[in-house]
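Which chain is which? The protein sequence lines are A and B, in order. Heads up: the first sequence begins at 1 in my numbering, then just goes up one per residue. Heads up: the second sequence begins at 1 in my numbering, then just goes up one per residue.
Because the hints were derived from the structure by calculation, they are not lab data. Errors might be hidden in some of the hints.
[To be verified] Some chain B residues well away from chain A (every beta-carbon gap over 10 angstroms; in silico): (1) L55; (2) N62; (3) H135; (4) S184; (5) G296.
[Claimed, not checked] Here are some of the chain B residues that sit facing chain A, going by a computed Cβ distance under 10 angstroms: (6) K50; (7) Y136; (8) M140.
For every residue, glycine included, the Cβ atom is placed at its ideal position computed from N, Cα and C.
In case you want the letters, here they are:
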Amino acid sequence: MRELVIIAIKEFRDGIRNRWFLGATAALVLFSLSLTFLGSAPAGTVGVDQLAVTIVSLASLSVFLLPLMALLLSYDALVGEVERGTMLLLLTYPLSRSDIIIGKFLGQTLGLGLATVLGFGSAALVLVYGGIESANWMAFGVLIGSSVVLGAAFVALGLAISAMPRQRSAAAALAFGVWLCLVIVYDMALLGALVADGGEGISAPVFDVLLTVNPADAFRMINLSGFEDVRVAAGLVISDLEGIGNGFAPVLSLGMWVVVPLILAVVLFRRKQL
Amino acid sequence: MPTDPAILLEKVTKTFDQQNAVNDLSLEIGAGESVALLGHNGAGKTTLIKLILGLMRPDKGNIRILGEESTSRHRGKNAHGFLGYLPENIAFYNSMSGAETLAFFARLKHHPVSDCARILERVGLAEAAHKRVGHYSKGMRQRLGLAQALLGNPRILMLDEPTTGLDPELRNAFYDIVRELEDSGVTVILSSHALTELEAHTRKIAIMRKGQLIASGTIDDLRRRANLPVHIRLITRPGMGAACAEKIPDGIGCERINDHGLDLTLPSERKIDVLRHLSATVPELDDVDIRLPSLGDLYMHFQKESVVS
Numbered sequence: 001m002r003e004l005v006i007i008a009i010k011e012f013r014d015g016i017r018n019r020w021f022l023g024a025t026a027a028l029v030l031f032s033l034s035l036t037f038l039g040s041a042p043a044g045t046v047g048v049d050q051l052a053v054t055i056v057s058l059a060s061l062s063v064f065l066l067p068l069m070a071l072l073l074s075y076d077a078l079v080g081e082v083e084r085g086t087m088l089l090l091l092t093y094p095l096s097r098s099d100i101i102i103g104k105f106l107g108q109t110l111g112l113g114l115a116t117v118l119g120f121g122s123a124a125l126v127l128v129y130g131g132i133e134s135a136n137w138m139a140f141g142v143l144i145g146s147s148v149v150l151g152a153a154f155v156a157l158g159l160a161i162s163a164m165p166r167q168r169s170a171a172a173a174l175a176f177g178v179w180l181c182l183v184i185v186y187d188m189a190l191l192g193a194l195v196a197d198g199g200e201g202i203s204a205p206v207f208d209v210l211l212t213v214n215p216a217d218a219f220r221m222i223n224l225s226g227f228e229d230v231r232v233a234a235g236l237v238i239s240d241l242e243g244i245g246n247g248f249a250p251v252l253s254l255g256m257w258v259v260v261p262l263i264l265a266v267v268l269f270r271r272k273q274l
Numbered sequence: 001m002p003t004d005p006a007i008l009l010e011k012v013t014k015t016f017d018q019q020n021a022v023n024d025l026s027l028e029i030g031a032g033e034s035v036a037l038l039g040h041n042g043a044g045k046t047t048l049i050k051l052i053l054g055l056m057r058p059d060k061g062n063i064r065i066l067g068e069e070s071t072s073r074h075r076g077k078n079a080h081g082f083l084g085y086l087p088e089n090i091a092f093y094n095s096m097s098g099a100e101t102l103a104f105f106a107r108l109k110h111h112p113v114s115d116c117a118r119i120l121e122r123v124g125l126a127e128a129a130h131k132r133v134g135h136y137s138k139g140m141r142q143r144l145g146l147a148q149a150l151l152g153n154p155r156i157l158m159l160d161e162p163t164t165g166l167d168p169e170l171r172n173a174f175y176d177i178v179r180e181l182e183d184s185g186v187t188v189i190l191s192s193h194a195l196t197e198l199e200a201h202t203r204k205i206a207i208m209r210k211g212q213l214i215a216s217g218t219i220d221d222l223r224r225r226a227n228l229p230v231h232i233r234l235i236t237r238p239g240m241g242a243a244c245a246e247k248i249p250d251g252i253g254c255e256r257i258n259d260h261g262l263d264l265t266l267p268s269e270r271k272i273d274v275l276r277h278l279s280a281t282v283p284e285l286d287d288v289d290i291r292l293p294s295l296g297d298l299y300m301h302f303q304k305e306s307v308v309s
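Next comes chain A alone, as it looks inside the complex:
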């Protein structure tokens, strides 16, 4: 436990030291603020809640950006240290390989999570200064929380990727491939399949399951379907969401995407010989 905390603190401080944290926070603040300002333009006329619009924009941004940032942070964490030779020494110290992985996971998730909170928090601050009244602060809290978990899931995935190959370049390629598949190709393939068979082969329940098991879609379901005003802002109708998507399942799915890759990373890394 002690070792785990030492690794986590070092990993977090590394992020600050090499200015990754600064860059990530700046990027997220910039995006959040610009989306907030853009988002507030249509709100007055249509009568949609301004915060709800911001939530939809931020959720749509997070779903692409956070996985990419998380993978960029973590794909190098193990294979990079193996390649540079620092892992060899570390492993002769009295700590287990799972300490290293979980420590790194915690440190990197903390860094990314803090950057997310600061980024989205800046948007919230601007809205509060603008004096908006909204009943959707709860939804905003859910957005921040689920974004941190989404980041954590992809940090864990990145660590599993990092435990596999012998070269950093291979890990980088693999990380990009995973991002592309889970975040972009998956949805397009699903949409394509739906269009192709005209809704015959894929029934609504199957479709719900297919959406829920993907971390990015699970994240969207949590944020876009949970609150009435947000649904309106996102243009969703409640009857679209009557399956398992409208409950606890997406949260569970996202949680599994944190736990399973982390276990995989530990198993893979334990087998590795240096």
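Following the hints, complete the assembly by docking chain B onto the known chain A.
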């Protein structure tokens, strides 16, 4: 701990791509004993060290460190705390300073962080402590490597080619530290190519070839076993070399270098006889220089011997 040897290897084999990096090797090193590991590149020294450290699992055989089975160490973490290791090509986190690096490792080894300054001082890094490791020279990194190996008062210290990149002054300081540790009961395992250095600084020597131990013992043991000839150089008064050469007893190789110098080659057990004989019968003698087989000679001898057999 009277019974358990510090390190015990029993018939250990480790194979990479059908090649035995370590082949059926048995080795026992007692507490407080120190051993220099010699061998060509690729003889299996580093693999042996990694096996002892638990970084690799042996394919066959048994390794016990301080009485503890190595397979259990892989998941557990007990014996690690008593091991100090300086890898051959040491690498650190370049963005951290020397002091930060050492503090990080000290925390992992439950060593008081307040003591780090003293260790840095000891290896001569006090002034550079707050420079980033990325800007360190090879010698400075090596010293920081030694510093981290000293953390946690190790009972076994593994040093893989520790003096490469160190200047002569630092080498001596380095061996002083090693000697001090040995005296305090630490088992030191050291691999190196610098034979002349090892000859002066280590007590027991183990020579490896193709994953096997071909000879081990103190340098005197090895000399006795190898039974290599001793060389004696005689310096006579000018012009008396030829006269002197006639008085050399039979069965001793004698080569004249110039008019006042002779090189004798003789079995080591006849050394005293010959010296006595010379001092009694050769008044022209000015000076005698005895050269015992060096560690380099012994090393080559055992390497060749193992090829033949």
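Is it correct that the beta-carbon of H135 of chain B has no partner in chain A closer than or equal to 10 angstroms?
Holds, since 15 angstroms exceeds 10 angstroms.
Quick check on M140 of chain B please, does its C-beta sit within 10 angstroms of some C-beta on chain A?
violated, 16 angstroms
If you take the shortest Cβ to Cβ gap from Y136 of chain B to chain A, is it below 10 angstroms?
violated, 14 angstroms
Assertion that N62 of chain B lies farther than 10 angstroms from chain A (Cβ):
It holds; N62 of chain B is separated from chain A by about 18 angstroms at its closest Cβ, greater than 10 angstroms.
Verdict on L55 of chain B as a residue remote from chain A, using beta-carbon distances over 10 angstroms:
violated, 5 angstroms
Using Cβ atoms and 10 angstroms as the threshold, tell me whether S184 of chain B really stays out of contact range of chain A.
holds, 21 angstroms
Per-residue hint verdict: K50 of chain B, partner chain A, C-beta under 10 angstroms:
holds, 8 angstroms
Could you check that no beta carbon of chain A comes within 10 angstroms of the beta carbon of G296 of chain B?
Holds: least Cβ distance 30 angstroms, greater than 10 angstroms.
The structure fails to meet hints 1, 7, 8 from the earlier list, while all remaining hints are met.
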